[in-house]
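**Student:** The chain contents come next:
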Amino acid sequence: MISAELIEGADLLLSDPRSVAAGVWPRAAALLARQAIETALLEFWLVRAPGLEWCSTHAQLLCLPDYVRDREIAESASYAWTRLSRICHHHPYELLPTAAELRVLVDTTRRLVGALATDGGPPLE
Amino acid sequence: MDATLLELVRARLGSEGVESTPWASLVVAATSGDEALQAALAEKSTAAHAVAPEAAPSPSVYVNAVSVTGFRGVGPKARLELTGLPGLTLIVGRNGSGKSSLSEALEFLLTGENRRWSTRSKVWKEGWRNLHHTSGAEIEAELTIEGDPGRAVVSRRWPDGADLDDAETEIQRRGKKKAPLAAMAWDRPLELYRPFLSYNELGATFDEGPSALHDRLSKMLGLEDLVEGQKALARERLLRTKQIDAADAALRALLTDLAELDDDRVRAAVAVLKAPKRDLAALEKTLAQKGQVEGDEQIAPLRRLLAFELPQKEDAQAIADAARHAAGAGATAAQSSARAHDLIELLTQALAFHSRHKDKSCPVCGAGALDAKWRTQTAATIERLKEEAEAAANASQLATQARAAGRRIAQPAPSFVAALHGVLPSADALAAAWTAFASLDVDALDVLEKKFVPALEKLRTALDRARAEAEAEVNRRDAPWRRAVALIAPWIAAAREAETAKTAVAQIKDAEKWLKVAADDIRTERFRPVADEAKRLWHFLRQQSNVELEEVALAGSGPTRHPVLTVDVDGVATDALSVMSQGELTSIALSLFLPRATLPESPFRFLVIDDPVQSMDPARVEGLARVLESAAQTRQVIVLTHDDRLPEAVRRLNIAATVIGVSRREHSVMELRHELGPVSRHLGDARALALTPELPRKVAQRVIPGFCRAAIEAACMETVRRRRLGRGDAYADVEAALADQKLTNLASLALFDDGERGGDVLARIVKSFGGPAADAFKICSRGSHVGYEGDAMTLIRTVGVLAKGLAELP
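Chains as they are written, first to last, in the numbering used here: chain A, 1 to 125; chain B, 126 to 935.
You may find that some hints are simply not true.
[To be verified] A partial selection of chain B residues facing chain A, derived with a Cβ cut-off under 8 Å: (1) Glu747; (2) Arg777; (3) Asn779; (4) Asp810; (5) Ala813; (6) Leu814; (7) Thr817; (8) Val828.
It should be emphasised that the hints constitute simulated quantities derived from the structure, not laboratory data. Cβ atoms here follow ideal geometry from the backbone N, Cα and C, with glycine treated the same way.
Just chain A, same shape as in the assembly (with noise of 0.2 Å):
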């Protein structure tokens, strides 16, 4: 469950302004995204796939979409992490990312990690 905290996290500098100093929270806010996606990930392939949470979470989220019922979250989440990621880390002269984009970003998160927690596993062929 996890998870279901950092996004929480997230969530919470997204929408109190009161939360967290002015200018820090986007940045803030991504990295809690990002590690409720990584966490959510790892809680997924103890049960499912175990050993492959040892991979860098690139290879985790190509293998997702043979793991997963919503092949489209899948994509989705690693679009988030890759946009997630790149917030995170300080690149010079880029500008912060609008809360806009963030609420999309960390709404994709809450769907990744309310599918993996519930996801039954991929159809059966």
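Based on the hints, put chain B in the right spot on chain A.
**Tutor:** Quick look at chain B alone, frame taken from chain A:
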């Protein structure tokens, strides 16, 4: 003229049961075009029912390559290789890399203009040549035209120093003569379904005002004929209203003029003109009657005087001559006539006596002798006497004839002469001359001979004088009327036209009313799929935003026309323009214009979007990628972008796309390199996993063959699409052949151009690409649920070779 539209209009008229009303033919004619409308209004209604043959749909067009030299940001020749197939192509380059010059070049080549420049200053337009490459500017595009056996080349070359517009664009289709591009008749579809969309345009969509946006949206619906028809009807109505007004004004002027004319006939005409229901036919008849109008008793005798003809002098002279002749002959013959008769009888009896009794002395006188000599003399005497008697009879007959002729001519004055008394100054002199002539004793031959002709000539002189006076009098009396006729006659023509115009105006108004309602309905109907598609696209683009696009429609007409964009924000319906951010508006604009460019009617199967991300909320990039993916299902979607979020999204969302990187070195040298087509991307993903040492073996065995398989599938599809579309197959048929095929069937299609030869696939792969390739193929086709236990990198390498080979099959 749009035959489908015309049919739609006819069907509507029919279903409402109004097709035989007089205005229905005007509706049909107005929709058919100006000429037909003119004909219908002139009541040559047959022309209105002629329908132009429906134009064959334009064949589909894809872009295979664009080559640009010395144009805007491009210096030496740069060639952009495209797929010429449906699918997504991203052209990625930093701002200033010159990528937009490529799309502008293609847009300019096909449309002869560029939206981005069209509003810019002249300086901007003049600076189209590349600064580093000032000679030999050229744009060339290779196109796939559905049904053509090979590629078509559209090109435009500028001689040195030529202006932007100083060159002709030509098209060279395989197996056809080089022709001006105009021969393709793409102007209208290019305008209706413009396959070029730049961020400036997206951003400016809502800046032009509601009516401009309405026009751009409704244009794509192909309803111009209805709009033009409405305009034409309004124009014709106005024309006729003016005609009616002019006739009314002319009537007022006419009545003012007529009021000044003192004439009974004019007053009668004015009464007709003022009557509420003017009888133009009766009025015209009155005008034609000229002077013979009742109510003027004096003018009739004048006219009869003018029409009267006196006998010719020559005829009268002949009568006088006859009288003289008869008189001359009669003077000698008449008195001796009886004696001559007696003498002829006596002498004839004497001759008979001599014949019976022979020579004797004369029994009457006793002195003379009746002998042969006497007999001869007497016979001659009898002959002479007979001739004299005949002459006398002739003269008498001549006299009788002359008298009768004289009597016939010397008639008393006709009744109109008396009526002229007091009207003409010489009326009495005329009457006197006439009386003098008529009272001649024509029985007297000497009167006939000597007085008849002079009296007649005297009468003639009097008559001529009276006639001259009468003519002047008639003219004087007729002047107001003639003036009135001159005024009324042209007005009648105008009034008749106005009457026709009135009838026409009533019908035109009915036609306009009906057409307006019909046009609104048809517009709504035709716009519905666009609106639905816009809503669907917005659904992707809005992401988790709380703004839901509720209603998209076209409303109003004339200057108040506008698009309706209603959004639902947290359950409250409101106008989109008032609540949306620029980014959201850009997304809405894209939602509206993508359906336009992808309407099935459009021949352009490609779509160039220049930097949609630039003015778009970054939050929507994922949605945008999905939208582009869905458009790329049926269209060749070429997207230029300056940042890497879109390529990133495409890659992460596993959207099949060809990515081409653009960079520009110094001196405008453009470099284009293909990055990661679908085949190499799938292989790249597989490689990334294979190189992850921590990856559990079971996972690797399961996942890696899946990526390999996707790579082979992509390669097969590429070949089948390229081959079949290239030889002219219909796009829909090609896609149907590829849909839901297993790997083996796809390979069969790629290898044999036949999906049913799956059994021969492995043998052919062995033959063409070697045994290991066939083994790799087998592994990939087993499906991901069966693990692969061999070396992953080897598999990926082999699949790479196989995929490349399959992708390059002819």
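**Student:** Holds or violated: is there a CB of chain A closer than 8 Å to the CB of glutamate 747 (chain B)?
**Tutor:** This interface hint holds because 5 Å falls under the 8 Å limit.
**Student:** How about valine 828 (chain B): closest beta carbon in chain A under 8 Å, or not?
**Tutor:** holds (5 Å)
**Student:** Holds or violated: is there a CB of chain A closer than 8 Å to the CB of threonine 817 (chain B)?
**Tutor:** holds (4 Å)
**Student:** Against chain A, run the beta carbon of asparagine 779 (chain B) and see if the smallest gap drops under 8 Å.
**Tutor:** OK, holds: asparagine 779 (chain B) within 8 Å of chain A, min 5 Å.
**Student:** Hold the hint about arginine 777 (chain B) up to the distance rule: shortest CB distance to chain A must be less than 8 Å.
**Tutor:** holds (4 Å)
**Student:** Let me know if the C-beta of aspartate 810 (chain B) comes in closer than 8 Å to any C-beta of chain A, holds or violated.
**Tutor:** Hint holds; aspartate 810 (chain B) Cβ to chain A Cβ min 5 Å, cut 8 Å.
**Student:** Would the stated hint for alanine 813 (chain B) survive a check requiring a Cβ distance to chain A of less than 8 Å?
**Tutor:** holds (6 Å)
**Student:** Quick check on the hint: leucine 814 (chain B) CB to chain A CB, less than 8 Å?
**Tutor:** Since chain A brings a Cβ to about 5 Å from leucine 814 (chain B), closer than 8 Å, the hint holds.
The earlier numbered hints are all upheld by this structure, with none contradicted.
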